[in-house]
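Here the protein sequences come in this chain order: E and P. 219 is the number of the first residue of the first sequence in the working numbering; add one for each residue after it. 364 is the number of the first residue of the second sequence in the working numbering; add one for each residue after it.
Simulated from the structure, these hints should not be mistaken for lab results. Small disclaimer: the values here were computed from a predicted structure and weren't measured. Treat the hints with care, as some may be off.
[Said to hold, decoys possible] Straight line, CA to CA, 30 Å or less: simulated DSS-like cross-link-like pairs of lysine-lysine:
hint, chain 1, residue 1, chain 2, residue 2
1, E, LYS341, P, LYS556
2, P, LYS704, E, LYS341
3, E, LYS341, P, LYS483
4, E, LYS296, P, LYS385
5, P, LYS483, P, LYS419
[To be verified] Reference listing, derived: stretches of chain P covered by chain E, where coverage requires no fewer than 3 residues with Cβ under 8 Å from a Cβ of chain E:
hint, region
6, 437 to 451
7, 569 to 578
Cβ coordinates follow ideal geometry from the N, Cα and C atoms, glycine included.
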Amino acid sequence: MIKKILKSFKLIKSGDWFVIFMFGILTVTSAKFLWGLPQGKYLEIYKNNEILATYSLNQELKKQIHGPKGVTEIIIDKGKVRFSSAPCPKKYCIHQGWINKANQIIVCIPNKISISIVGSKKKYDSINY
Amino acid sequence: MYLNNLLIFFLLASLLGCGESKTYHQKDFVFGTIIDIKIYGESEINATKVSTEIFKEFHRLHKLLHPWEKSVITDINNAISQKKSIAINNDEVISILTDAQNLEAITQSLFNPSIGKLIKLWGFHSNEYNQEVIPNPDTLKDLVSSKPSMKSIKIVKKVLESSNHNNQIDLGGYAKGYALDQSKKILKKNNIKNALINIGGNILAFGKHGEREWIVGIQNPRKPNAIATVSLKPGWTIGTSGDYQRFIIINNQRYPHLINPKTGYPENKTQSATILIPPSKNSGVLSDVFSKPLFIAKSENKINIARLLNIEDFLIIMNDDSIFISESLNNKINWEEDLDKKNIEIF
Numbered sequence: 219m220i221k222k223i224l225k226s227f228k229l230i231k232s233g234d235w236f237v238i239f240m241f242g243i244l245t246v247t248s249a250k251f252l253w254g255l256p257q258g259k260y261l262e263i264y265k266n267n268e269i270l271a272t273y274s275l276n277q278e279l280k281k282q283i284h285g286p287k288g289v290t291e292i293i294i295d296k297g298k299v300r301f302s303s304a305p306c307p308k309k310y311c312i313h314q315g316w317i318n319k320a321n322q323i324i325v326c327i328p329n330k331i332s333i334s335i336v337g338s339k340k341k342y343d344s345i346n347y
Numbered sequence: 364m365y366l367n368n369l370l371i372f373f374l375l376a377s378l379l380g381c382g383e384s385k386t387y388h389q390k391d392f393v394f395g396t397i398i399d400i401k402i403y404g405e406s407e408i409n410a411t412k413v414s415t416e417i418f419k420e421f422h423r424l425h426k427l428l429h430p431w432e433k434s435v436i437t438d439i440n441n442a443i444s445q446k447k448s449i450a451i452n453n454d455e456v457i458s459i460l461t462d463a464q465n466l467e468a469i470t471q472s473l474f475n476p477s478i479g480k481l482i483k484l485w486g487f488h489s490n491e492y493n494q495e496v497i498p499n500p501d502t503l504k505d506l507v508s509s510k511p512s513m514k515s516i517k518i519v520k521k522v523l524e525s526s527n528h529n530n531q532i533d534l535g536g537y538a539k540g541y542a543l544d545q546s547k548k549i550l551k552k553n554n555i556k557n558a559l560i561n562i563g564g565n566i567l568a569f570g571k572h573g574e575r576e577w578i579v580g581i582q583n584p585r586k587p588n589a590i591a592t593v594s595l596k597p598g599w600t601i602g603t604s605g606d607y608q609r610f611i612i613i614n615n616q617r618y619p620h621l622i623n624p625k626t627g628y629p630e631n632k633t634q635s636a637t638i639l640i641p642p643s644k645n646s647g648v649l650s651d652v653f654s655k656p657l658f659i660a661k662s663e664n665k666i667n668i669a670r671l672l673n674i675e676d677f678l679i680i681m682n683d684d685s686i687f688i689s690e691s692l693n694n695k696i697n698w699e700e701d702l703d704k705k706n707i708e709i710f
C-alpha cells in the first residue's frame, strides 16, 4: 500500500510541487483571513473613486449605474451582491460572482465602477459618557 | 486508508483552531444609569453567571449607599440633622466614608461628598429632574458659608458624629467608581481574564478583547456619537463627568448636576471632563472621583488641579467647544471628528 503511494508520488514533478505548495499557502492564508471577517451590512458603490450610493444589503434590488463605457448592473440579494451585466470587454467583474463579507471589493476598471461591503461593526466596544 | 485518516485529522484540527471566541453582553439598570458588561472568551454559562453576580453586587451597593431612599447613608444623614451621633455597624460603610474623607482632602474639597443639601436644593435628589426654579440665592449662600465638609465628621469606635449639622452625605460621585472596583474583585475570584464593565460612563478594561485591547468611545457632549476613541490597556479605567446626562434647564440655561461646593451653583462653563487612570486597587474610585474637580474647577485652574492629582491623561471640553488635552492622552487618542485644530490646546 505505502509502496504504491510512494510510486505514485514519483509522477509529481518539482514544478507540480511548487504549484501545490503555493496553492496550500493561498488556501491557509485566505481561510484565516476570510473566516474572521464579520457579516457585512452595507454596500458602497463607487464611481471614479467617489462614493455614489450606500445601500443596505438586506434587500432585493437591481441597480443600473452609468459609467464612461455604458451601463453596469448590480444585483443585491438579501445579504449578497454581484455585478450582473457590464459593458466591459472581459467581464472580470461579473465572473467574480457574489460577495457577502465586510471589506470584500469588486472593481470594474474599464467602466470605473467598484462595489465594496462595509461592516456595520462599531469602532469601539463601549462608550464613555 | 492511513493517508485518509491523516487528512481527516488535519481537517478537524484546522477547524478546531478556527473556533472564534465570543463576547457576551449583558445590560442592567442600577445607580440610575445603564450598566453594560462585556465578557470575552468565556463559555456562555460562565459569562452569564459572573455578570449576574456583578449585577447583584451593584444592586446591593445601590441599596446600601442610596442618597435619598432609605439606606445606611440616609440613616446617618437623619442623625446628623437631628444633631445626634449614630453607631455604624457596617465596616464597609466606615471604610468608604473614611476613604471619601481622604479624597475630599486630596482634591482641596472640589470633590465634596457632604453637600447633599445643595444637591437636593437643585432638585437632583429625584429620579426625574424637573425642577423649574433656581433655589433661593440666600439659602444657597448661607449653606455654602456654613462649609459642609467631611472634615467635620468624626468616626470613633464605629460611632459617627458631625459637628456641622448642614452635612448631608451623598456618595453620588463615588459609588459608581467603588462598584467598578468591586466588580474587579468578582472577575478575579471567578478567574475571568477579559471583560469590559461600563457603569454609566465609568469604564474598567479588565484584560483585553482577545488579541487587541478594549476600545472605548468618548461621547461628544452635544452630538449622539463619539468624539474620539481610545484603547485601554489591561487594568485601566476611564471616567467622564459631563453636563449632558443629568441636568435641568431653567430659562434656557442649562444647570448640570455637578455643583461647585464653593459657590453652591452648578458649573456651567464645562461640557465634559474625561480622565484615564492606570491600574491600581482603587482605579475605579479614582476614575469617578477625580473627574469632578477637573469639571468643577475654573478653566484657569483645571490644568493645575490635574497636575496636583497626578492625572496624566485628561480631556476637557469647554462650553465654547475649545478642548484642553494632556500630551499623554493626545498621543493615545483617535479623533472621530474633524476638529478645528485651533480649538485644541495640548498640555
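Hints, one by one, checked against the model:
1. E:LYS341 <-> P:LYS556: Measuring from Cα to Cα gives roughly 22 Å; hence the hint holds.
2. P:LYS704 <-> E:LYS341: holds (23 Å)
3. E:LYS341 <-> P:LYS483: Between E:LYS341 and P:LYS483 the Cα gap is close to 39 Å, so the pair fails against 30 Å, i.e. violated.
4. E:LYS296 <-> P:LYS385: holds (25 Å)
5. P:LYS483 <-> P:LYS419: holds (28 Å)
6. 437 to 451: It is violated, with 0 qualifying residues against the three required.
7. 569 to 578: holds (count 3)
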